[in-house]
Amino acid sequence: MHTSVDAHYKDHIKPRSPRGMHTSVDALSNSPRSPKGIHSNVDTLSGSGSGSPSKNSTSPRSPKSPAGSLRKNTRHSFSGRDGRPKKGGCGGKGTWGGLLDTEDDHVIDPSDPNYTSHEEEEKSIPRTNPKFEDFKNKTKVIVEEYFDNDDVISTADELREINMPSYNYYFVKKLISMAMDRRDKEKEMASVLLSKLYGDVIDSPQLYKGFQKLIESADDLIVDIPDTVDVLALFIARAIVDDVLPPSFLTKIVTNLSIDSIGSDVIKRAEKGYLSAPLHSETIERRWGGNKNNTVQDLKIKIDELLKEYVASGDIKEALRCIKDLNVPHFNHEVVKRVVIMVMEKRQAESCLLELLKRAAEEGLINSSQMSKGFGRTIDLVDDLTLDIPNAKMLLQSLISKATSEGWLCASSLKSLPSSTERQSVEDVKVEEFKKKVGSIIHEYFLSGDVFEVIRCLESENRSFLGALNAIFVKKLVTLAMDRKNREKEMASVLLTSLCFPSDDVVTGFTMLLESAEDTALDIPVVVEDLAMFLARAEVDEVLTPKHLEEIGNQFFEPNSVGNKVISMALSMLKVRLSGERILRCWGGGGSYRNGWTIEDVKEKIGRLLEEFECGGDTREACRCIKELGMPFFHHEVVKKCLVTLMENKNERSWILLRECYSMGLITTHQMTNGFGRMVECLDDLVLDVPDAKKQFNNLVKRAENEGWLDPSFCNKPSEVVLDNGFL
Numbered sequence: 001m002h003t004s005v006d007a008h009y010k011d012h013i014k015p016r017s018p019r020g021m022h023t024s025v026d027a028l029s030n031s032p033r034s035p036k037g038i039h040s041n042v043d044t045l046s047g048s049g050s051g052s053p054s055k056n057s058t059s060p061r062s063p064k065s066p067a068g069s070l071r072k073n074t075r076h077s078f079s080g081r082d083g084r085p086k087k088g089g090c091g092g093k094g095t096w097g098g099l100l101d102t103e104d105d106h107v108i109d110p111s112d113p114n115y116t117s118h119e120e121e122e123k124s125i126p127r128t129n130p131k132f133e134d135f136k137n138k139t140k141v142i143v144e145e146y147f148d149n150d151d152v153i154s155t156a157d158e159l160r161e162i163n164m165p166s167y168n169y170y171f172v173k174k175l176i177s178m179a180m181d182r183r184d185k186e187k188e189m190a191s192v193l194l195s196k197l198y199g200d201v202i203d204s205p206q207l208y209k210g211f212q213k214l215i216e217s218a219d220d221l222i223v224d225i226p227d228t229v230d231v232l233a234l235f236i237a238r239a240i241v242d243d244v245l246p247p248s249f250l251t252k253i254v255t256n257l258s259i260d261s262i263g264s265d266v267i268k269r270a271e272k273g274y275l276s277a278p279l280h281s282e283t284i285e286r287r288w289g290g291n292k293n294n295t296v297q298d299l300k301i302k303i304d305e306l307l308k309e310y311v312a313s314g315d316i317k318e319a320l321r322c323i324k325d326l327n328v329p330h331f332n333h334e335v336v337k338r339v340v341i342m343v344m345e346k347r348q349a350e351s352c353l354l355e356l357l358k359r360a361a362e363e364g365l366i367n368s369s370q371m372s373k374g375f376g377r378t379i380d381l382v383d384d385l386t387l388d389i390p391n392a393k394m395l396l397q398s399l400i401s402k403a404t405s406e407g408w409l410c411a412s413s414l415k416s417l418p419s420s421t422e423r424q425s426v427e428d429v430k431v432e433e434f435k436k437k438v439g440s441i442i443h444e445y446f447l448s449g450d451v452f453e454v455i456r457c458l459e460s461e462n463r464s465f466l467g468a469l470n471a472i473f474v475k476k477l478v479t480l481a482m483d484r485k486n487r488e489k490e491m492a493s494v495l496l497t498s499l500c501f502p503s504d505d506v507v508t509g510f511t512m513l514l515e516s517a518e519d520t521a522l523d524i525p526v527v528v529e530d531l532a533m534f535l536a537r538a539e540v541d542e543v544l545t546p547k548h549l550e551e552i553g554n555q556f557f558e559p560n561s562v563g564n565k566v567i568s569m570a571l572s573m574l575k576v577r578l579s580g581e582r583i584l585r586c587w588g589g590g591g592s593y594r595n596g597w598t599i600e601d602v603k604e605k606i607g608r609l610l611e612e613f614e615c616g617g618d619t620r621e622a623c624r625c626i627k628e629l630g631m632p633f634f635h636h637e638v639v640k641k642c643l644v645t646l647m648e649n650k651n652e653r654s655w656i657l658l659r660e661c662y663s664m665g666l667i668t669t670h671q672m673t674n675g676f677g678r679m680v681e682c683l684d685d686l687v688l689d690v691p692d693a694k695k696q697f698n699n700l701v702k703r704a705e706n707e708g709w710l711d712p713s714f715c716n717k718p719s720e721v722v723l724d725n726g727f728l
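Going letter by letter, the sequence shown gives residues 1 to 728 in the numbering used here.
The set of hints was computed from the structure by calculation and includes no laboratory data.
Glycine residues also receive a C-beta, built at the ideal position from the N, C-alpha and C atoms.
It is possible that part of the hints are untrue.
In silico DSSO-like cross-links for lysine-lysine, where the CA-CA straight-line distance does not exceed 30 Å [said to hold, decoys possible]:
1. Lys603 with Lys627
2. Lys173 with Lys252
3. Lys358 with Lys300
4. Lys268 with Lys173
Computed beta-carbon distance windows for the label pairs [claimed, not checked]:
5. Lys185 with Ser154: 16 to 26 Å
6. Arg347 with Lys702: 47 to 57 Å
7. Glu550 with Thr669: 13 to 23 Å
8. Asn564 with Ser398: 19 to 29 Å
Hey, can you work out the whole structure from these sequences and the hints?
Structural data, given as structure tokens:
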């Protein structure tokens, strides 16, 4: 090495000396031809070591060499790694580096003759995260092994061992994207795995982010998977059905997507193609051949059943035993979530349900992690719960505070409730203002009987269509009517029929009435009888369905409570034969606040309007006349007379009228079925005038079945149809 350096120096300073190495060293230290002294030596030493002058030497006798070979001067690497020397003349293979160099303190100088703008670009490019790359590689192996062995537990353990929870969203994305390109078996396995890992291994934000990444990459996925829209939409719908994703995911994610993107199509398909379909939960669960063992849906049903039995019996030991027998400790957060929701729905059961959670926590049946996850999942759903339980956020905050104070919930591990203080205050102001005005609206209605004016006033006061305001109006209307004469009670029932409030709002209103019934009884001693009659009348008028009545009854399970007595009396009224007519005329009305009509009057009116329609009347006008009769419980008479006319005249106009009435919701399935049932009873008499009446009737039943008008039970045994609230 010394000889090489010596020779290099001699070529530039003086003729070659035969004295060898020692002469070279002396020359380096004493030569007057090196004005920079030791710096010249340093520059020479930091060259390539091949005897040629250094590229960046500052010696006046070391000018830059002319461009050599193309390979030497090109700035693009010909090897797989960066072998370029560092700026300043040092670095590169076979060199010692600069004497004063540190590892990362080199600054790019734009005045450097060798500076290029590419250097800053290269320096700004972030280096790949080796941890994330390692996680991605391991994830692919884990997913492939899971598809081979179908072992959920070992898959969960492997994911825990990696211990990178901040990257779990990538696992979600990889799992589903790999399953999308495989058979239904793997798709079902992927959905089951997500349900098992959710809350225990993968938390809600990571799972949410994983699905978000999938939707954002849908435009790329469709290149390799043509049916991406359908398959990914089904995965999202399945996650919502399994309570892995909240329903609000659809509305939140769509705001970040362009209208013409594939991701937007996926959201639309999930919402309208799967989640809006009747019985969608069961359909989605079985789409990929699931339900071969206990699925998530089966566990949810069992949890619901044991909680209902516990509320009814109060046997806490049996309830704890049932939770233990489920043998799904990783899924106990579902028990917590359902208990919390049930408490918010059934306020009377709060003490016993919270006691169940407290005992389960104290006995170690539900650990603190599962308890926190259960409350956390409820927090995720609170926006959706608010649609059915207007004060859900306030109730949930109260439950969290109570559980924390009793020591069986760690509030610090929970996320904060969505901020809605301002919105709540605004809604509270609206409620207070509405309460002040609703009384005068009802008083004016009792004086004038103008239904349309009430509708106009309500639309003006409730422009945001808040369900809470509708419920308040129902409660106030019935309360004021109960303290007046039968005329006002009849008018109140007619108004409820005319307003067409959503059934849930009416249910909430009656629930509020029953909750305050004990206080109301101080002013109105016959509150039980009056409320029972209002409830029964609401069912006869089809404002409420039997299912809604059962739903209200579930809120009041204590035998001696006023609410329980009201429900029992209402059900007793409805079971009596020909109860429809009696209840409709309980306050002297007949579907309006005027004096009621007799049944014969109604039949005559129906006969006349159908005759006018057969003579060329307008379908819409006929529907309007039927509606103005104000007797929805008697629409089966319209169905019967239309069928008789159809079989006698063989004219399709009557069928067109029935189709229009059904499509408008004017004639319900229940009334349509009753009408066909009454035809069964009079067929023998009709045969005397229409010999082929039975044959025609069978054909009409098949047509009605195809139209979806009839209850399935009637199609099986039409002769055994039982008429409820009807006339023979």
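Of the hints given before, which are not true for this structure? none
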